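A.B. asks: Listed below are the residues making up each chain.
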Amino acid sequence: MTFKEGKEEYYQGARKKVLFTTLCVIGVVAAFMISLTIGFYDLTVVECYQIIINHITGNIEDVMGDDIVWNTRLPISLYAIICGATLAVGGAIMQTILRNPLADPYTMGISSGASLGASLSIILGLSLWSGFSDDLSLVTMAFVFSLIPVGVILFFSIVRKTTPSKIILIGIAVMYMFSAITSLLMVTASEESLAEIYAWNIGSLATITWPDVPLPLIVSTLCIIFLYSQSRSINVMMSGENTSRSLGINTRRMTMICMVVISMMTAVVVCFCGTIGFVGLVGPHIARVFVGSETRYLLPASAAFGALFLLVANCIAMVAGTFGLPVGVVSSLIGCPLFIFLLLKMRRKAWK
Amino acid sequence: MEMSDNKIRIDIEGVEFGYSANPVLKNIGLTVNGPQLLSIIGPNGVGKSTLIHCINKILSPTKGVVCIDGEDVSSTTLKELAKKVGYVPYAANDAFTLSVVETVLIGRHPHSNWKSLDHDLDIVYETLRLINIEHLAMRSFDELSAGQHQKVMLARGLVQEPKILLLDEPTSNLDIKHQMEVTRIMRNLSQEKGILVIMISHDLNIAAKYSDNMIMLYDGEIYAAGTPEEVLTVENIKTVYDVESEVVVSHGRPHIIMLDPEFDDDVSPLDEETFIRKI
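Residue numbers (my numbering), protein chains in the order written: chain D, 201 to 552; chain U, -19 to 259.
Source of the hints: derived by calculation from the structure; they are not laboratory data. Careful, some of the hints might be misleading.
[Stated by the list, open to error] No more than 27 Å apart at the CA atoms, straight line, and that leaves these computed lysine-lysine pairs for DSSO-like:
hint, chain 1, residue 1, chain 2, residue 2
1, U, Lys64, U, Lys173
2, D, Lys207, D, Lys217
3, U, Lys95, U, Lys63
4, U, Lys173, U, Lys157
5, D, Lys207, U, Lys95
6, U, Lys43, U, Lys64
7, U, Lys63, U, Lys43
8, D, Lys217, D, Lys545
9, U, Lys189, U, Lys(-13)
10, U, Lys43, U, Lys59
11, U, Lys43, U, Lys6
12, D, Lys361, U, Lys(-13)
13, U, Lys6, D, Lys361
14, U, Lys(-13), U, Lys218
15, U, Lys43, D, Lys361
16, D, Lys207, U, Lys173
17, U, Lys218, U, Lys63
18, U, Lys189, U, Lys173
19, U, Lys6, U, Lys173
20, D, Lys361, U, Lys157
21, D, Lys217, U, Lys95
22, U, Lys59, U, Lys95
23, U, Lys218, U, Lys95
24, U, Lys(-13), U, Lys95
25, U, Lys64, U, Lys6
26, U, Lys189, D, Lys216
27, U, Lys189, D, Lys207
[Claimed, not checked] Stretch by stretch, here's where chain U covers chain D in the computed footprint (C-beta under 8 Å, at least three residues):
hint, region
28, 245 to 258
29, 326 to 337
30, 424 to 436
31, 448 to 458
Since this is a predicted model, take the numbers as computed values, not measurements. We treat Cβ as the ideally placed atom computed from N, Cα and C, and that holds for glycine.
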């Protein structure tokens, strides 16, 4: 093999990775277009797009239809994209920096914290400020509480040398404690509150409306751009602490920066829709099967695949059952078999 | 891959290091000057890895100073240091499987930026060719043998283009052919590229055969330093390893024959019922 061919081979591989991401992005656009036409309210595809065009051009004819398509389906679909991309990127980076395939954005206890915050709000009616509406109380409580476990982990990381395993174990310990408090609250809760908390823990996009979209959109976009800008350093961290340090990376600082950024974006997204699982853990692994683990390719591929996956899951969730299902349930139901199939079928060894 | 200037010098003065109450290194003083293959030998737990880690700032000595080319390591940033000192760990423990090219490419990090991928790939492939593993380029790291792993790790250290390359037991897990091959490559590279290669070794004979100089650590201190002939004496091996030996000279290099007074002169033969036979 000559020299030139060798490099060409690498580029060929790289083009395939970019192709996977591009296909996912095209898939996202297509699924997004389709998702606007799906739902229980009986509208044809043409009608749906007519409603959107009408809304954009400012002459709303069908007020009911406008409300369904523009005010309900559009924000939900957008949110599915944001949420899927955020969780999958968070998972990919957590796995890389903690060097653990079982890590996901919730490894730092974000889900248990958010869940406790939501429970406090739903059951005890606690709020950060008395002027907040019920919905806003829930969101703010979930957000603030989701960051407490991360704060605990960061505190220990600052006062003591923490290894990735210790970070994961502290996260698990805090998670159990928060879950215990949540369970304690649930014992005293009314049936309606229990149902609400239960639904929140599974995660659902059904309640998303336009005002929920801008903040997660901005925060997630900025965080993902930042993480991508650091992807070369993050990639080195796969080689372990000693090698990383000898390649000029302050692993401790980098780990903490990434944890803060990932927990911020995850918390902002999760506090509006509940703790949607699966996509953060398995999304990046499915992306790994296709593009490998080099961070500069894995990050965009995870974002695109995560978005596509949650969007499709949400399309199914919208029409399944009598009143639709929570997207969290659907994503696990279709995602797990897909993942196991890929795991067994693909020859590429992305894991040890 | 040429060096802009050829001076390479490490000065270690009064370095001590301890994990809590147990001192691992005590008052280490050492000057290493010029490109060469330098082996660090000594029993397990004597502080060989710790010494190497103090040179490349993975650990900070509790006392004393390490200077590289006259610059105090403790006031050099990790990033600046990474351009001078490369490190190849005892065993690769990358968390996820990458291809060989991707694995080696990580070593370019101190020099690379967003636009340098093409140049970095040139250097990666050049290095793979140099140590004869270019054919493995697109293979998955996990599919390779232990000897190939070691060469890939060596390549990762080399693409970092360091003036000083530190290796922690680079030939452990290798069969004799690969031990010799990897060590010979390192010795040759130290001369061709003018780099100072420092390796930790447990195989005294391999180290003696290829090293220009050796350091023998004992109880956290430098017990002996110099050429293999100066360091590997019967007395030194007895004191440091508590092993009796004979040292013979072969092709100008010392060769150690281990002796075991508790066994050698008193080998009891097996009974006739215990045997093996090739069929």
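A.B. asks: If a hint holds in the structure, say so; if it doesn't, say that too.
C.D. replies: Status of each hint after checking the structure:
{"no.": "1", "hint": "U:Lys64 - U:Lys173", "result": "13 Å, holds"}
{"no.": "2", "hint": "D:Lys207 - D:Lys217", "result": "16 Å, holds"}
{"no.": "3", "hint": "U:Lys95 - U:Lys63", "result": "18 Å, holds"}
{"no.": "4", "hint": "U:Lys173 - U:Lys157", "result": "24 Å, holds"}
{"no.": "5", "hint": "D:Lys207 - U:Lys95", "result": "16 Å, holds"}
{"no.": "6", "hint": "U:Lys43 - U:Lys64", "result": "23 Å, holds"}
{"no.": "7", "hint": "U:Lys63 - U:Lys43", "result": "25 Å, holds"}
{"no.": "8", "hint": "D:Lys217 - D:Lys545", "result": "18 Å, holds"}
{"no.": "9", "hint": "U:Lys189 - U:Lys(-13)", "result": "25 Å, holds"}
{"no.": "10", "hint": "U:Lys43 - U:Lys59", "result": "23 Å, holds"}
{"no.": "11", "hint": "U:Lys43 - U:Lys6", "result": "9 Å, holds"}
{"no.": "12", "hint": "D:Lys361 - U:Lys(-13)", "result": "36 Å, violated"}
{"no.": "13", "hint": "U:Lys6 - D:Lys361", "result": "24 Å, holds"}
{"no.": "14", "hint": "U:Lys(-13) - U:Lys218", "result": "36 Å, violated"}
{"no.": "15", "hint": "U:Lys43 - D:Lys361", "result": "20 Å, holds"}
{"no.": "16", "hint": "D:Lys207 - U:Lys173", "result": "23 Å, holds"}
{"no.": "17", "hint": "U:Lys218 - U:Lys63", "result": "40 Å, violated"}
{"no.": "18", "hint": "U:Lys189 - U:Lys173", "result": "20 Å, holds"}
{"no.": "19", "hint": "U:Lys6 - U:Lys173", "result": "33 Å, violated"}
{"no.": "20", "hint": "D:Lys361 - U:Lys157", "result": "41 Å, violated"}
{"no.": "21", "hint": "D:Lys217 - U:Lys95", "result": "18 Å, holds"}
{"no.": "22", "hint": "U:Lys59 - U:Lys95", "result": "18 Å, holds"}
{"no.": "23", "hint": "U:Lys218 - U:Lys95", "result": "55 Å, violated"}
{"no.": "24", "hint": "U:Lys(-13) - U:Lys95", "result": "30 Å, violated"}
{"no.": "25", "hint": "U:Lys64 - U:Lys6", "result": "26 Å, holds"}
{"no.": "26", "hint": "U:Lys189 - D:Lys216", "result": "47 Å, violated"}
{"no.": "27", "hint": "U:Lys189 - D:Lys207", "result": "36 Å, violated"}
{"no.": "28", "hint": "245 to 258", "result": "violated (count 0)"}
{"no.": "29", "hint": "326 to 337", "result": "violated (count 0)"}
{"no.": "30", "hint": "424 to 436", "result": "holds (count 4)"}
{"no.": "31", "hint": "448 to 458", "result": "holds (count 3)"}
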